[in-house]
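**Student:** Please work from the sequences and hints to get the whole structure.
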Amino acid sequence: MSIKNKVAAAAFCSLLMTGCASIVSDSSYPVNLQSAPDTANFTITNRSGAVVHSGVTPSVVTLKASAGYFKGERYVITFKKDGFTDKTFTLTSSLDGWYWGNILFGGLIGMLIVDPATGAMYKLPQDVSINLDANTTASNNQILTIASYDSLTDEQKAQLVKVN
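Numbering (the numbering used here), first residue to last: 1 to 164.
Be aware that a few hints might be false.
When the alpha-carbon atoms are kept at most 20 Å apart in a straight line, the in silico EDC-like pairs for lysine to aspartate or glutamate are as follows [as the list claims (entries may be wrong)]:
{"hint": "1", "residue 1": "K162", "residue 2": "D150"}
{"hint": "2", "residue 1": "K81", "residue 2": "D150"}
{"hint": "3", "residue 1": "K87", "residue 2": "D133"}
{"hint": "4", "residue 1": "K80", "residue 2": "D127"}
{"hint": "5", "residue 1": "K81", "residue 2": "D133"}
{"hint": "6", "residue 1": "K87", "residue 2": "D127"}
{"hint": "7", "residue 1": "K80", "residue 2": "D133"}
{"hint": "8", "residue 1": "K87", "residue 2": "D38"}
Calculated directly from the structure, the hints in this document are not laboratory data.
Note that the structure is a prediction, hence the values are computed from the model and not measured.
**Tutor:** Right, here's the structure in full:
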């Protein structure tokens, strides 16, 4: 076998041993978390229910896109802030378009072994932005008391204002 053929065979074999998404993409992605208003506490749990990150918005967290072989990851992000209603957001990985490049470059090994094993066949969105709703329940402890004139003390009667 000539040197040219050996080099061509080595190049061909190396292409078969790689996955397209593994070469071009990542298996972990930075995700920008924002809330309106800022400084909301957040907790991120993965598919199995384990807390993988917590912090305060705005923040950038790096999350894995895969939960295992041929299994995309799914995260539940809970946002909490005093005076606002808690909100949850489900962040789900999706198939990376570069995975289909295996048809041309990575072959079956890249498509069925390398990219699924490394998790590079999946991707995550870059941004999560949540608008928190103000909590409308009475939190200022104001109490309305209804009383008859006869049940008032002399001091309370002195504070009354006549309305025409």
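**Student:** None of the hints should be skipped; say for each whether it holds.
**Tutor:** Checked hints:
no.	hint	result
1	K162 / D150	16 Å, holds
2	K81 / D150	45 Å, violated
3	K87 / D133	9 Å, holds
4	K80 / D127	18 Å, holds
5	K81 / D133	10 Å, holds
6	K87 / D127	16 Å, holds
7	K80 / D133	11 Å, holds
8	K87 / D38	14 Å, holds
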